[in-house]
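Between the sequences and the hints, there should be enough to build the whole structure, so can you do that?
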Amino acid sequence: MLEIGDQAPAFSLPRLDGRALRLGEGKHHLVVFLEADCPTCRLTIPYLNRLAATLAEHSDAIIGISQDDDRQTAELVEQMQISFPVVMDSDLKISREYDPVAVPTLFLIDARGKIIRTQTAFDKQELNDIARLMCEAFDLTPVDIADPYDGAPSSKPGCMSRHLETLTADDAPEALNLYATRAARASRIELDDAADVYEYLMQYDPLPVVPPTIERVERMLAATSFPADEVIARVPPNYGAATVEKIAANAVMAGCKPEMMSVLVPLMRAACDERFNLHGVQATTHFAAPLVIVNGPVRNRLGFACAGNVMSNIARANSSLGRALQLILTNIGGARPGEIDMSTLGNPGKFSYCIAENEEASPWEPLHVEMGLRRDQSAVTLFAAEPPRGVSEHNARRGETVLRAISRMLATSWTYRFCIGIEAIVLLCPEHVKTLDGDGFTKQSIREWLFHNTGIPKKEYRDDGEGTQYTQFYKEAIIEGEPCYLKFPDPSAIKIVVAGGTAGKFSAVISSWAAGPRGSQMVTYPV
Amino acid sequence: MPITLVNPFDETLHTRGSQASRLSSLEGKTVALLDISKPGGNIFLDRVEALLKERYRVERVIRAMKPTFTKPAPDAVIGKIIEAKADAVIEALAD
Chain A
589 MLEIGDQAPA FSLPRLDGRA LRLGEGKHHL VVFLEADCPT CRLTIPYLNR LAATLAEHSD
649 AIIGISQDDD RQTAELVEQM QISFPVVMDS DLKISREYDP VAVPTLFLID ARGKIIRTQT
709 AFDKQELNDI ARLMCEAFDL TPVDIADPYD GAPSSKPGCM SRHLETLTAD DAPEALNLYA
769 TRAARASRIE LDDAADVYEY LMQYDPLPVV PPTIERVERM LAATSFPADE VIARVPPNYG
829 AATVEKIAAN AVMAGCKPEM MSVLVPLMRA ACDERFNLHG VQATTHFAAP LVIVNGPVRN
889 RLGFACAGNV MSNIARANSS LGRALQLILT NIGGARPGEI DMSTLGNPGK FSYCIAENEE
949 ASPWEPLHVE MGLRRDQSAV TLFAAEPPRG VSEHNARRGE TVLRAISRML ATSWTYRFCI
1009 GIEAIVLLCP EHVKTLDGDG FTKQSIREWL FHNTGIPKKE YRDDGEGTQY TQFYKEAIIE
1069 GEPCYLKFPD PSAIKIVVAG GTAGKFSAVI SSWAAGPRGS QMVTYPV
Chain B
585 MPITLVNPFD ETLHTRGSQA SRLSSLEGKT VALLDISKPG GNIFLDRVEA LLKERYRVER
645 VIRAMKPTFT KPAPDAVIGK IIEAKADAVI EALAD
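Protein sequences appear in the order of chains A and B.
Position in the first sequence (first residue = 1) + 588 = the numbering used here.
Position in the second sequence (first residue = 1) + 584 = the numbering used here.
A few of these clues could be false.
Stated by the list, open to error - Here are the in silico distance ranges between beta carbons for each label pair:
1. 847/A / 666/B: 43 to 51 Å
2. 608/B / 743/A: 43 to 51 Å
3. 727/A / 669/B: 56 to 64 Å
4. 1045/A / 639/B: 44 to 52 Å
5. 673/B / 598/A: 24 to 32 Å
6. 668/B / 810/A: 39 to 47 Å
7. 597/B / 785/A: 21 to 29 Å
8. 704/A / 602/B: 24 to 32 Å
To be verified - Reference listing, derived: stretches of chain B covered by chain A, where coverage requires no fewer than 3 residues with Cβ under 8 Å from a Cβ of chain A:
9. 595 to 606
10. 636 to 642
Stated by the list, open to error - Quick partial rundown of chain A residues pointing at chain B, CB under 7 Å, derived from the structure:
11. 717
12. 721
13. 774
14. 775
15. 777
16. 782
17. 803
18. 837
19. 838
20. 841
21. 868
22. 919
23. 1104
24. 1106
None of these hints come from the bench; they were simulated from the model.
Just so it is clear, CB atoms sit at the ideal spot from N, CA and C, and this is done for glycine as well.
Here it is in structure tokens:
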């Protein structure tokens, strides 16, 4: 890899519109090597967009070099709304010259063409330092582009740079290659009349499915522009290759319409994002199951239910997307109940667990906007979730009374006296939202109220048991005159989602598995 | 009529590892104890360490700990065990 002090090789590479972009001298440049399927690149891009906005008319000083083809690069640019120039190094010639060990790698190049700083993978401190240097180079006031408390990890390893991947026609395919972007086509299974097709298809997940015939799978594949053999993700814990064709076969089994492929591809990327820690989610003895939350225009386009009965058997879109995810996790990822999935009691969500936010019934920002996307974008969010637990409050006249009822349920998340390393979704029904909105509450002020008012009385800690061994890490507060430990370490541990029908004052709490960088983090991917 | 299906199951070719050779005795050996960082794991492993030395005359016990039980052991933790040339590893799995 080129180092500080090296002369940066000049290049001229095509942009998506075919025009060439040259790296010239005379001003500072930030050259960033990217891959479309690298979660760390996707994590980094919004921060680079922020830097581009700060640089304003100098935003073309950031040059993204995509190691993928036109189609993949165009999808990445569109989904991530990249606001700086991106060029394609499809034959990896420039990648070989710069030789980054991983992506993303950032090369900061001064006006004479000398490399003055490099950064591989994601690191907020490094991003802020680079942003400061870029701003100083253009006589702009330096800004921090990476907030330490924005919910993203402080650092994250990258993916192997495409030019170092070993899969070529001569390579032996036997070894599991976590970085190969193509895998063999699915085999064809012929079953004769005597065979029980359901016995075969339900061998790992015993709920009836639609047989994935060649014709049905072809209809799925026709609805996506991805090649059938492209590996979208390696699914933990067995790291099976979720090719587009394997995803399509499982989508057929789940009863998905072909257009659902546009949601399943980003959903699988999100599920296999290291931050979500699918390996742990799938293997734990806890109740955890991945909960899918759908936001944006795709809800109406594909018919996702977000109102009455949102968590049950109301819409084919919700049922089939949640079911397809579970089938892929079991059939491709290998987390089979009783084998690697050793959950003590399991979770009914492991059949299907997919909701959409009722954005129309909400006066507040939807979840995907809070997670950094635009309102007009569609998105899927994943949360390692327990089953929902209901909160009935039909007599409250004030927002605080509603929140007090919810705080009592939140207090029992994980287990009553355990107060660190957990998060929870509060699923607010429209009638409770009206009461809260009428009293001036926003999602942020709800989070803060629940944070400050959800506590466990210290007198509950007189004997030993789960949660009592960590009290030195808990925050203390007086709640309604009672000395308490606060249930959550921070207001951001409480996620607010609006869902449900307009009749009935029933909200719900959905608690997490082990949360945060040491467990599973909520991830949102654009559709 | 026979039916042809697209195989929906994992067909990734995984390489098989061979089992490590078994020890005929623990006497004079180095044993690594890997704590996966669940509560109470240290209590279990302290007792195992004492028994290994008293009852099986294990020469040396080294301790390693995963930063979190929710994820596979990172390379640095496995590297520590390999560097110590441990003959055997015992993992504390449960609370």
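Consistency of the hints with the structure:
no.: 1; hint: 847/A / 666/B: 43 to 51 Å; in the structure: holds, 50 Å
no.: 2; hint: 608/B / 743/A: 43 to 51 Å; in the structure: holds, 45 Å
no.: 3; hint: 727/A / 669/B: 56 to 64 Å; in the structure: holds, 58 Å
no.: 4; hint: 1045/A / 639/B: 44 to 52 Å; in the structure: holds, 46 Å
no.: 5; hint: 673/B / 598/A: 24 to 32 Å; in the structure: violated, 52 Å
no.: 6; hint: 668/B / 810/A: 39 to 47 Å; in the structure: violated, 56 Å
no.: 7; hint: 597/B / 785/A: 21 to 29 Å; in the structure: holds, 26 Å
no.: 8; hint: 704/A / 602/B: 24 to 32 Å; in the structure: violated, 49 Å
no.: 9; hint: 595 to 606; in the structure: holds (count 5)
no.: 10; hint: 636 to 642; in the structure: violated (count 0)
no.: 11; hint: 717; in the structure: violated, 25 Å
no.: 12; hint: 721; in the structure: violated, 31 Å
no.: 13; hint: 774; in the structure: holds, 5 Å
no.: 14; hint: 775; in the structure: holds, 5 Å
no.: 15; hint: 777; in the structure: holds, 5 Å
no.: 16; hint: 782; in the structure: violated, 10 Å
no.: 17; hint: 803; in the structure: violated, 10 Å
no.: 18; hint: 837; in the structure: holds, 4 Å
no.: 19; hint: 838; in the structure: holds, 5 Å
no.: 20; hint: 841; in the structure: holds, 6 Å
no.: 21; hint: 868; in the structure: holds, 4 Å
no.: 22; hint: 919; in the structure: holds, 5 Å
no.: 23; hint: 1104; in the structure: violated, 9 Å
no.: 24; hint: 1106; in the structure: holds, 4 Å
When held up to the earlier numbered hints, the structure conflicts with 5, 6, 8, 10, 11, 12, 16, 17, 23 and fits the remainder.
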